[in-house]
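K.L.:
Taken in order, these protein sequences are the chains called H and V.
Residues in the first sequence are numbered consecutively from 82, following the working numbering.
Residues in the second sequence are numbered consecutively from 82, following the working numbering.
Simulated from the structure, these hints should not be mistaken for lab results.
It cannot be assumed that every hint is accurate.
If chains are identical, the list can't say which one is meant, so a pair holds when it fits in one copy or spans any two.
[Unchecked claim] Below 25 Å or equal to it, Euclidean Cα-Cα: the simulated DSS-like pairs (lysine-lysine) are:
hint, residue 1, residue 2
1, K132, K115
2, K231, K156
3, K182, K115
For reference, the chains in residue letters:
Number of protein chains: 2
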Amino acid sequence: MREKENSKTKLIKTASLLFQQQGYHATGLNQITKESGAPKGSLYYHFPEGKEQLAIESVQFTAKFVSERIEDGLKKFSDPIKAIQNFIVQMAEQFCEERCKEGVPIASVALETALISDSLRQACQTAYGNFQYLFTEKLLDSGYEETRAKELGVVINSMIEGAFLISFTLGNNEPLLLVAKQIPVLLQ
Amino acid sequence: MREKENSKTKLIKTASLLFQQQGYHATGLNQITKESGAPKGSLYYHFPEGKEQLAIESVQFTAKFVSERIEDGLKKFSDPIKAIQNFIVQMAEQFCEERCKEGVPIASVALETALISDSLRQACQTAYGNFQYLFTEKLLDSGYEETRAKELGVVINSMIEGAFLISFTLGNNEPLLLVAKQIPVLLQ
DNA sequence: GTCTATAGTGGGATAGAC
DNA sequence: GTCTATCCCACTATAGAC
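Turn these sequences into a full structure, and let the hints steer you where they fit.
P.N.:
In structure tokens:
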């Protein structure tokens, strides 16, 4: 049943990648329809509100994809320190292979649109909220006190996002690896 | 002598703010000349290579401004934990007043242009390098071992950038404050 | 559901007068 | 150093046929 991938899905997948690589304003609807292989005429049928709506659904798609990666990564070790550390190292390794040409999930869209589209800003806010919630849950399950688990969820998410931004700018995964290295200090 | 602010300086200052608020691609040269008050005809005289050159010099201007803030902030306490913590809290407080409408320094330009302009990417790389160098220097002066000081400089810079990004998206300085709160744990 | 054509706007950049 | 006019291009969005 995965065989039949409809135009809407193709548009969202392609847009997600292009928004990540190039940002929101640099990515045109022409490029999205062309690279997706979806029929040119179908965009405004599936997304009657145009580019903004497509971007919102793309952010949600990316957020779901990233959330699943976080969830799977954190399952690999019961110890939260090992689990989170391993997850970040895994991200860093993928970064060298693919991600350094794929940009940073959501970040560019968030920065470009936070002041001009509140609905798009909220989509990004929800995405970040989900990410930190997953880290917080892992810490709660491991017996961390609730307030501390919530605070650390925010901080871990911030560290990873920042390290992604710097790594992408440098074209080099060192910041991600160094953040991973400090996780035991932070979580002790 | 500060009285006579020439057109070039006005263009760079205005461009720096607009690139921060709106990003690189959303900011037009018309808007920059108009809001700067500089003569419309002067842009390509001062920046013969066009928008890219203006952006590079704007990134350098912003980087210098931010570096001075970091330097001044870190001087206020000899204890590096107090100094860095106080600096981040100060950033967080300014964020509520002004910065939440000013965007995140450099970040949007870095994300939007890293893959399409290597010279602009390098300007952002240099800026981030300067920031982390200032944190590393503070730690070295306080007796931290060299390797650890360098690693922590990268990590502190990443944390702050990430917290800025999330704070900006949320319209709320909580992530910055929580990062500040964890500094003693990280630096102990 | 899809397609084509096009309206309408704004972008970056250049030429040449002053 | 500055100004104006202009070129060409890309964009978003809409209308209307199929």
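K.L.:
If a hint holds in the structure, say so; if it does not, say that too.
P.N.:
Each hint tested on the structure:
no.: 1; hint: K132 / K115; in the structure: within (15 Å within a copy, 27 Å between copies)
no.: 2; hint: K231 / K156; in the structure: within (19 Å within a copy, 32 Å between copies)
no.: 3; hint: K182 / K115; in the structure: within (20 Å within a copy, 35 Å between copies)
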